[in-house]
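4 protein chains.
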Amino acid sequence: MKKKLIIGVIGCGRIGRLHIENISNHIHFVTIKAIADLYANEIKAWAYELGINNVYSDYKKILNDTEIDAVLICSPTDTHSKIIVEAAKAGKNIFCEKPIDFDIENITFALDAVRQSGVKLQIGFNRRYDHNFKAVKDKIAEGKIGDLHIIKITSRDPAPPPIEYIKVSGGIFLDMTIHDFDMVRYLTGGEVTEVYTNAAVLVDPAIGAAGDVDTAIISLKFANGAIGVIDNSRKAVYGYDQQVEVFGLKGSIAISNDTPNSSVLSTEEGVFCEKPKHFFLERYKDSFVAELKDFFEAVCEDRETSVTGIDGLKPVQIGLAAQKSYITNMPVKILT
Amino acid sequence: MKKKLIIGVIGCGRIGRLHIENISNHIHFVTIKAIADLYANEIKAWAYELGINNVYSDYKKILNDTEIDAVLICSPTDTHSKIIVEAAKAGKNIFCEKPIDFDIENITFALDAVRQSGVKLQIGFNRRYDHNFKAVKDKIAEGKIGDLHIIKITSRDPAPPPIEYIKVSGGIFLDMTIHDFDMVRYLTGGEVTEVYTNAAVLVDPAIGAAGDVDTAIISLKFANGAIGVIDNSRKAVYGYDQQVEVFGLKGSIAISNDTPNSSVLSTEEGVFCEKPKHFFLERYKDSFVAELKDFFEAVCEDRETSVTGIDGLKPVQIGLAAQKSYITNMPVKILT
Amino acid sequence: MKKKLIIGVIGCGRIGRLHIENISNHIHFVTIKAIADLYANEIKAWAYELGINNVYSDYKKILNDTEIDAVLICSPTDTHSKIIVEAAKAGKNIFCEKPIDFDIENITFALDAVRQSGVKLQIGFNRRYDHNFKAVKDKIAEGKIGDLHIIKITSRDPAPPPIEYIKVSGGIFLDMTIHDFDMVRYLTGGEVTEVYTNAAVLVDPAIGAAGDVDTAIISLKFANGAIGVIDNSRKAVYGYDQQVEVFGLKGSIAISNDTPNSSVLSTEEGVFCEKPKHFFLERYKDSFVAELKDFFEAVCEDRETSVTGIDGLKPVQIGLAAQKSYITNMPVKILT
Amino acid sequence: MKKKLIIGVIGCGRIGRLHIENISNHIHFVTIKAIADLYANEIKAWAYELGINNVYSDYKKILNDTEIDAVLICSPTDTHSKIIVEAAKAGKNIFCEKPIDFDIENITFALDAVRQSGVKLQIGFNRRYDHNFKAVKDKIAEGKIGDLHIIKITSRDPAPPPIEYIKVSGGIFLDMTIHDFDMVRYLTGGEVTEVYTNAAVLVDPAIGAAGDVDTAIISLKFANGAIGVIDNSRKAVYGYDQQVEVFGLKGSIAISNDTPNSSVLSTEEGVFCEKPKHFFLERYKDSFVAELKDFFEAVCEDRETSVTGIDGLKPVQIGLAAQKSYITNMPVKILT
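Going line by line, the protein sequences match chains A, B, C and D. Each residue of the first sequence is one higher than the last, beginning at -19 in our numbering. Each residue of the second sequence is one higher than the last, beginning at -19 in our numbering. Each residue of the third sequence is one higher than the last, beginning at -19 in our numbering. Each residue of the fourth sequence is one higher than the last, beginning at -19 in our numbering.
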């Protein structure tokens, strides 16, 4: 039987609470001993209901608790690298939400601390655990389509986040496309060497006023010679659009959107199918459970995590290059 | 190069005119020398435009023209068997629209005349030449699904014909389902031995008042042990619904409806596909050309036609049995 | 907050254990206090792991436990009606697996006992809680397709059960089609008044030797004039085939099979999609949780259950009529 | 009734012969009086069979024939602009295959000659007449998806042409992508202002040795602010891949590939659909007829053609810019 893990969760915003509820409901070999959030008082009732009695406003209490094996870092992005360093020094295994940081030096510093301490680190790229993306990865790995030539990702949100969020998001490339940058690495098993960004403000001028774009096509070159393209929009009115095609010498693999059900309604007006599942909480529901299970198992079994620190660093490098490409309207190389 | 065939067409209603135009446009080794229709005057201008100069009100002029190799019989159903006999005696090869007749004795008499004269006869079951149905037939023949267990046909019209037509149509089973009875024989290569009809008047009470039904489920048994079911409606508001599934020991083959184009529109309201092609003229367009080509080639190459007199007889037998089953609410056996 | 319910489970075969695990993992307002099974010793370790300490070989200990609010009856079918009566007398709310019994008198007797005791009863027709079937039901209820004309169900298992199971199963109509008989009632909201069965032994002669059939087409008439058809096979080599179409005056709603993922692989050999989810445990996973949740909520909220005793009785009546129709090769009426 | 047009065809390679046969079979208000080809002797038998008695090796005989209203220019690309000028001076209406020329000055000179003579000119961008692309265009025009944000085209051939052809093709961007450059103009109704090309030799090193690429992703900016991307491959082993998605403020329209039939085969190995139609002759069959009909009607009705000289010029400009972008690895602006 699996070892029981004792963990703490740092940051209880939307994603933190999602992880906590998923562990409570689905991962029985893990006990959440403590959680920390600046607004500890506001989440106490909810926490007690789940049987979590230690709710701190200071996350250091978690790091100082020697009974705790691992922490989930779900606090704001600008605190990630600092807390990683502290947690590593405290000997905690770490699951950290993406992105690690917007600054490469901070990330490198944090990864060094992890390396020196020997703790495990996994980054929250949950889409790697999605049934559809996994099917693409598996079929590529089985050689079904031979050498990869073209990889295409469509990734569009149903609606833009609030402008206040946009302002601190790091920009579309580090906030939204970062998942797609991870996905091209995951699917191809190769590194991006150059990006060219074609982007615009088409959804909402306020996004432009906040210094960001809302619509983008990012052209990619890979170390192995393949080429790729990602297209993003902050607003697909029909729902969360998450599609991938990988095309190779021997064929193509494509995935389309999941829908709430398979019903098709045919009337005089037309033939109606269901829209895609609305947003990431519905679409990637199971993947959030699976990524944590995998992390906890890596800790229990003392093996390498499936999404390493390097996997957290690379998409930020690509995202920064994409940003620079947009600003300069020039292709930008990425050192690998 | 192919021999040039000289032909005549008897009956220039909708289907007769369709055949004539298809031959003019697509079948260059066939010359339409003469056409006959009770309302000859009304079609003369149209015929001349197509280069057909002999437009008769009496079809016997066609039968008496020794230069003519073959005739298409597109007149009302109640004249088919009589004209078949006359055409056979005149030594003309015959393409006759379905059904041959509503009366088994008349059909038998006509088929005897054909046999004695040695002319060729093909019945107008055009769906056998459809790309979708043919794909099903071919895959069955290749053994892709092994022994057949279940055959299912959905066949629904977009709207009922005028009540005046219903009254002389022979009833839904001989007018509409007859195509499906032919299709089960074509696809399975076997004979129907028993039918049970479950039918109702749900679309329009006037159809019931005319002594017919408009909605039906016909359960079938086949000589080889397989079972089947056909469902019909006179009114599918979304268009002409023509689907088949054949299920066997090793799998299943299904075809769905053709659409005018493959566009999918995704909006806030939903995901919209195209409706099926509207009705048989659009849906089976190419099959009407193909069936005639095949008939004319059978004549030129002096080989058996692909849809024989027996293929014309059997669906009428099944149709009459389906009618009897509806009236008696009992399964009805068919002698094979 | 929801009242905490205390329950017991009677019968811990495959379906019993499934329910127990679902409650442990997903339904936190319910506590399983005790379980009973003839082979209690064999399941003790598994039960303790789940925190269930009372494992009895005699289910009466559960009925006698006054702390217990409700029982799940998951024992063999021939014990259902007897235990229902006892549980009702003991004042326990009852969730009972389908079918209640193969004998109409036994069912009637059990339903009377339930009525007299005033406890709640829900029958385990889990498919009513499936996302796809529910979508069909909802769209019908919203009037999207108007008056119903034709209802069609395809329901095929991936492989037949062992012959030993077949022998005690009650036959395909009471074991397998019973779910479809429930589904037509659920979707149409109407009663079946007549059935005609067309069935055969095509999959395995041993099934015939055991007195059952393995392939069937069941034609249905409904009280409101609609007609329907169900087709079953014990062996669809490509997986669990669960499809429905409901056709009405204003259109049609169809659902197709769920698949493990949406990947499409295109190669020189062809275009490959995923097979349907393998069998009912994968396909109806969520529905098993949802049906229990709904039952427990009905108990807590003191409202009518969603699948009543009558909903348990009717499909058995239809199943018996379908059996009789197969034996007599005649349509059989059902009193409603 | 339509005026009868008398035409000549210059160049009887694959596309020339296709047009000639299409006119013979489908466009009855047009008479092909004469055809010209350097290898006149080799096509005489074929031409006589179609009733074309004037087969010249010198196309000027066609230009000098005062009875001829219009010419189709289907000769090699490097002769197009010269023959356009001569035909315009001879007062012939002109249908010219794409591309007009690889040289912008030559094109401009030819278009000037057309303008001065007042004859009509249509360029052979047949895909504008395809049912799928037309559906996209129509729905955009109806405002179904609002302002356009992203346009995506996938355009892949089943196999590369011979290296000898590649060498004289003008390169992938002027030979293959030129159709896609036309399509983005047709669908968006707007002009491309900048391109960035990401391309590689992944299919066959011999293509690289011939100075061309075989795999490309071309990023586009439009005058109205929208952005777009085209991906090309010379070798999609599963067939001719021709897909488009246009994404806008109110939704998205996508088209997928046409297949020979709609059959789906489900077996133990998987679920198999048909591959796309093999190549452009199958896929765009009807569009080749439609484009000529439209051209001939424009001549008869004395109206503007649907694909003008400017429509011939623009895609060449974009193609040359795409080429330059590939060579310089920089985005390249296009003057509009």
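No lab work stands behind these hints, which were simulated from the structure alone. One thing to keep in mind: the hints can contain errors.
A pair holds if it fits inside one copy or across any two, identical chains being indistinguishable in the list.
Restricting the straight-line Cα-Cα distance to at most 25 Å, the calculated cross-link-like pairs of lysine-lysine (DSS-like) are [what the hints assert, rightly or not]: (1) Lys257 x Lys124; (2) Lys69 x Lys304; (3) Lys119 x Lys215; (4) Lys257 x Lys273; (5) Lys294 x Lys117; (6) Lys230 x Lys13.
Those earlier numbered hints the structure runs against, lowest number first | Per hint list: 2 and 6 violated.
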